[in-house]
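Peer 1: Kindly produce the complete structure, drawing on both the sequences and the hints.
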Amino acid sequence: MREIEANKITAQVKRLCMEANYDLGEDVLKAFKDYYAAEESPAGKEILEQLIENARIATDEKTPICQDTGLAILFIELGQDVHLVGGDLNEAVQEGVRQGYQEGYLRKSSCHPFTRKNLGDNTPAIIHIELVPGDKINIKFAPKGGGSENMSRVVMLTPAVGRQGVIDYVVNLIKESGSNPCPPTVVGVGIGGTFERAAYIAKKALLRPIGSKNPDPELAQMEEEILEKINKLGIGPQGLGGRTTSLAVHVDLVPCHIASLPLAVNVQCHAARHKEVTI
Amino acid sequence: MPETIKLTTPLSDQDVEKLRIGDKVSLNGVIYTGRDAAHKRLFDLLDQGESLPIDIKGQIIYYVGPSPAKPGQAIGSAGPTTSYRMDTYSPKLMSVGLKGMIGKGNRGQEVIDAMVKYKAVYFAAVGGAGSLIAKAIKKSEIVAYEDLGPEAIRKLEVEDFPVIVVNDTRGEDLYQKGVEQYRRE
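First to last, the protein sequences are chains B and W. So the first sequence is numbered by our numbering: it starts at 288 and just counts up by one. So the second sequence is numbered by our numbering: it starts at 918 and just counts up by one.
Chain B side only, calculated, beta carbon under 10 Å to chain W, not exhaustive:
1. S328
2. I352
3. D355
4. R394
5. N405
6. G432
7. N437
8. M438
9. S464
10. C469
11. P470
12. N518
13. K519
Away from chain W, derived, C-beta distances all over 12 Å, residues of chain B:
14. K317
15. V372
16. D375
17. V441
18. L460
19. P504
Just so you know, these hints were derived from the structure itself, not from any lab. Model, not experiment: these values are computed from the prediction. Yeah, the Cβ is synthetic: ideal placement off N, Cα and C, and Gly gets one too.
Peer 2: Following this line, the structure appears as structure tokens:
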């Protein structure tokens, strides 16, 4: 049994909130540059250039990449041999989010669904916890903006539509979303499980580095196929026309019920922000 | 790329009528911010026949909820939010003189029709380029609905604020045209 102080979790979450919102990952920047070289649209090229410049300013000046600093989403792998002392995990994380968003000059976006009253401190964070072997805690923080989340869907397909039906649904959704989710996007696809499991694995798939290959060759093939189709749609950077509509498609697949074919598509804007720490 | 057209607010009918989709425009002067919650309040006031807290005649509304300014900054990151959520409210605001809207993403047909009818335009700013766009904003002051936090109405003073014309007074749509040009198969 290893003891970890709750306030250590708070401090790390606070740091992740700020760093994730100021520093775009190297994988995303590399994708911008790679797609810039291949982009045919002059406007598209100019936008990709601006996104690279924007990321540079954000890092240098420690300002948010995007003013929509998201709802705070955390994926926590909690080692079963960890004993948390001096507080509970949920409150330690919420306090880290509170402090990170306040002290980091990040926008608070959480509100009541009907009155739309802003709750003022960007809590409650959405926390997903998995219990794993070992005595460490891994915390992944991914702020998620509203524009791209609004274009995301969960659908229970008829099993008969199969692999092709899944591909068609994803491509069509990106087509219909057009300029709204701030392309170039990253597309997380969760296939199988149940209604909520599909959404969970779709969101988690967004955390994979851009440019990484799916370890399952069949899924890697599917990712390539969907990406190619999406990038033929012509939507382009910011939807103004071009080749670069999505930077990557990340698919995850788990078994499902004999009656079902759940599919979740979680759309991520080009500000594909996430940071992690292992304590 | 076409040359950049420099415009200073307030805008006249003539200013907006000469704009065409795809034009790059650099905006100067005062623009107002407003997004979901502020739009609902403005709309409700007009519905009740009351006057608005800001004079929007000839003005531009920028759909943005900026992040908080750090000490020494005029404003925090300030990129556009998705515009279709304001579609319900926009035609009414154009009917009382609004000349421009800045956001990102497609507008509904009723908004495009209203732009033709009332002579107004819709500009796109680059979504997600919040730190870059903030450089063009020199001053920011809350002028209404402070209780809405990031959704309050702010009066911004901008210099060479970069936008692209997406919908013009002839009912054209750059999103549609641009995508058609690059679609394959």
